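Here the protein sequences line up with chains A and B, keeping their order. Using my numbering, you'd call the opening residue of the first sequence number 1 and step up by one each time. Using my numbering, you'd call the opening residue of the second sequence number 1 and step up by one each time.
Hints are computed from structural coordinates only; laboratory data are not their basis. A couple of the hints might just be wrong.
One copy or any two copies: either way a pair holds, since identical chains are not told apart in the list.
Below, computed lysine to any residue pairings styled on SDA-like, alpha-carbon distance capped at 20 Å [claimed, not checked]: (1) K77 / E67; (2) K77 / T201; (3) K77 / R188; (4) K77 / L120; (5) K230 / D33; (6) K230 / E88; (7) K230 / D27; (8) K77 / L252; (9) K69 / L86; (10) K69 / N32; (11) K230 / V2; (12) K230 / S5; (13) K77 / G23; (14) K230 / V34; (15) K77 / E250; (16) K77 / S87; (17) K77 / A3; (18) K69 / V99; (19) K77 / Q117; (20) K69 / V90; (21) K230 / A3; (22) K77 / D58; (23) K77 / K230.
On a predicted model such as this, the values are computed, not experimentally measured, just so you know.
2 protein chains.
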Amino acid sequence: MVAVSLHALPGVPHIEPGDDLAGIVIDVVARNDVALDDGDVVVLAQKIVSKSEGRYADLSAVEPSLEAKRLAGICGKDPRLVELILSESVGVLRCVPGVIIVRHRLGLVLANAGIDQSNLPGNAAGGRALLLPLDPDASAHRLRRTLVERSGRRCGVAIIDSLGRAWRQGTTGICIGAAGFGALSDMRGSRDLYGRTLQSTIIGTGDELAAAASLVMGQANEGTPIVLVKGLALLLQNGNAQTLVRPLCEDLFQ
Amino acid sequence: MVAVSLHALPGVPHIEPGDDLAGIVIDVVARNDVALDDGDVVVLAQKIVSKSEGRYADLSAVEPSLEAKRLAGICGKDPRLVELILSESVGVLRCVPGVIIVRHRLGLVLANAGIDQSNLPGNAAGGRALLLPLDPDASAHRLRRTLVERSGRRCGVAIIDSLGRAWRQGTTGICIGAAGFGALSDMRGSRDLYGRTLQSTIIGTGDELAAAASLVMGQANEGTPIVLVKGLALLLQNGNAQTLVRPLCEDLFQ
């Protein structure tokens with residue numbers, strides 16, 4: 001029987017710029033009643049990766065452009081926040097009251113360029129913002145290298161965020177950084193139960209893993225941004241989350 | 001520590017129209033080394049629900065309309081299959097070579113109206129097709145009622161399918177039928193770690209659960225269409241998957 005378990009690890013400290021995330025993962029695993037094994041995947045909320053990389057922006061230091069002011073007038077957001085959003089994006093897909101959806105420089109299509117103002121210390125008034133990591137795949141690979149070196153375990157690493165979606169209500173976890181496992185699983189050419197060749201089954205394994213981890217991570221004040229996933233029979237390989245981004249030339253919903 | 005486990009249950013028989021799915025769930029749980037407990041969610045692949053409801057169509061009995069022939073000329077699919085797709089849909093969003101994306105009568109936006117030709121007995125040549133259940137929320141509620149009656153356990157039921165997505169490569173599991181748990185979790189008004197009120201966090205719990213289950217279900221010939229999810233602290237309530245469909249008036253990507 002395939003049995004997978006998802007462990008939300010309590011006791012992760014508040015993360016500061018420069019913090020050693022690999023050390024924190026190893027600590028928090030040791031303090032809970034689990035072990036890091038070969039084939040496990042360590043899933044981290046984007047937020048703690050961004051914090052460790054110091055990806056903060058201070059809205060009071062932002063000078064909004066004319067375009068940011070124009071869009072802010074449409075969506076009703078702070079023009080300085082819109083300026084930040086634009087600086088993280090390669091294009092604006094939709095801007096309507098309450099919503100601005102952009103194509104992030106990483107290829108992600110998402111609201112507010114993934115810029116977050118919740119769960120930041122001293123930010124009850126909303127003056128600070130946290131951007132996505134500069135290169136989440138590189139962050140995942142760095143973190144994995146250190147984890148494997150220090151623990152001796154051949155684990156994978158996933159960095160996840162929660163995004164809204166077209167046509168569906170509610171956010172789901174998606175994978176924005178991956179190392180040590182294939183984020184995209186190509187089943188084309190496999191045979192089904194009755195011998196018919198599968199035509200088009202490519203599975204977004206990294207995103208399914210992210211959604212699963214998000215289910216136990218919690219979004220509000222639970223504070224469990226590290227989840228250990230055990231029992232997945234993922235092939236160890238040099239994966240990355242960029243494979244989950246649909247190429248622009250195949251995008252039917254620009 | 002929040003720990004959730006996902007158990008893909010081997011030994012599910014081939015499902016025929018009229019089969020008693022609740023009895024099959026209870027059987028297959030008993031034959032494996034798990035128990036059905038209060039708060040568990042039984043996740044079923046859409047395919048076995050459709051099969052038990054006899055949602056087969058025979059392509060040789062389908063007469064394509066002019067519109068189906070026109071669209072088939074664009075996407076390169078069998079005009080009879082396109083006719084079936086149209087009969088299940090309320091609108092066509094995109095039709096390009098190799099792809100037809102519709103809004104299904106259930107509100108789902110998906111390729112081929114969710115009509116599937118793999119894993120059907122005697123279908124190596126592709127003459128048969130399987131449609132989505134008529135009303136997957138109703139199917140989930142019926143199944144849950146029977147399961148609770150016979151097992152005495154207050155479990156939830158989810159019916160899931162694997163769909164492609166805008167902007168992302170690879171399919172992920174989504175929830176098309178739900179009973180006994182809230183498919184959408186509204187966290188608005190909760191406070192974050194530092195006391196800031198969350199503005200917009202509504203979580204697609206049913207879809208995250210579906211993605212998690214899909215991760216262990218397998219897509220090709222593994223044949224494990226029933227997954228037991230244990231340890232989720234979901235509120236037992238009269239949920240349904242229709243809440244996961246974004247209302248047309250809020251759809252920015254028609």
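Status of each hint after checking the structure:
1. In this homomeric assembly, K77 and E67 come within 20 Å of each other (Cα to Cα) only inside a single copy, at 13 Å, whereas the closest approach across copies is 44 Å.
2. Taking identical chains as interchangeable, the C-alpha atoms of K77 and T201 lie at most 20 Å apart only when they sit on different chains, with a minimum of 17 Å there against 40 Å within one chain.
3. For the homomeric pair K77 and R188, the shortest alpha-carbon distance between copies (18 Å) is at most 20 Å, but the shortest distance inside one copy (44 Å) is not.
4. Taking the closest pair of Cα atoms, K77 and L120 come within 20 Å of each other only inside a single copy of the chain (19 Å); across copies the shortest separation is 51 Å, beyond that limit.
5. In the homo-oligomer, the alpha carbons of K230 and D33 lie at most 20 Å apart both inside one protomer (13 Å) and across protomers (18 Å), since each shortest distance falls under that limit.
6. Taking the closest pair of Cα atoms, K230 and E88 never come within 20 Å of each other, the shortest separation being 34 Å inside a single copy and 40 Å across copies.
7. Taking the shortest alpha-carbon separations for K230 and D27, only the intra-copy value of 18 Å comes in at or below 20 Å, while the best inter-copy value is 27 Å.
8. In this homomeric assembly, K77 and L252 come within 20 Å of each other (Cα to Cα) only across copies, at 18 Å, whereas the closest approach inside a single copy is 28 Å.
9. Proximity of K69 to L86 under the C-alpha cut-off of 20 Å is restricted to the intra-copy arrangement: shortest distance 11 Å within a copy versus 44 Å between copies.
10. Proximity of K69 and N32 under a CA criterion of 20 Å is satisfied in neither setting, with 48 Å inside one chain copy and 61 Å between copies.
11. Both within a single protomer and between protomers do K230 and V2 lie at most 20 Å apart by alpha-carbon distance, with minima of 11 Å and 14 Å respectively.
12. For a Cα distance limit of 20 Å, the shortest separation of K230 from S5 qualifies both inside one copy, at 5 Å, and across copies, at 9 Å.
13. With identical chains, the CA atoms of K77 and G23 are never at most 20 Å apart, being 38 Å at best within one copy and 54 Å at best between copies.
14. In this assembly of identical chains, K230 and V34 lie within 20 Å of each other by CA distance both inside one copy and across copies; the values are 10 Å within and 18 Å between.
15. When the C-alpha separation of K77 and E250 is checked against a cutoff of 20 Å, the pair qualifies only between copies, where the shortest distance is 18 Å, while the shortest distance within a copy is 31 Å.
16. Within a single copy, K77 and S87 get their C-alpha atoms as close as 15 Å, which meets the 20 Å cut-off; across copies the closest is 42 Å, which misses it.
17. Within a single copy, K77 and A3 get their C-alpha atoms no closer than 45 Å, and across copies no closer than 38 Å, so neither meets the 20 Å cut-off.
18. Proximity of K69 and V99 under a CA criterion of 20 Å is satisfied intra-copy only: 15 Å inside one chain copy versus 39 Å between copies.
19. Taking CA atoms no more than 20 Å apart as the test, K77 paired with Q117 passes inside one copy only; the shortest distance there is 13 Å, against 47 Å between copies.
20. In this homomeric assembly, K69 and V90 come within 20 Å of each other (Cα to Cα) only inside a single copy, at 17 Å, whereas the closest approach across copies is 39 Å.
21. Taking CA atoms no more than 20 Å apart as the test, K230 paired with A3 passes in both settings, with 9 Å inside one copy and 11 Å between copies.
22. Proximity of K77 and D58 under a CA criterion of 20 Å is satisfied intra-copy only: 16 Å inside one chain copy versus 53 Å between copies.
23. In the homo-oligomer, the alpha carbons of K77 and K230 never lie at most 20 Å apart, since the shortest distance is 41 Å inside one protomer and 41 Å across protomers.
When the structure is compared with the earlier hints, violations turn up for hints 6, 10, 13, 17 and 23 and for no others.
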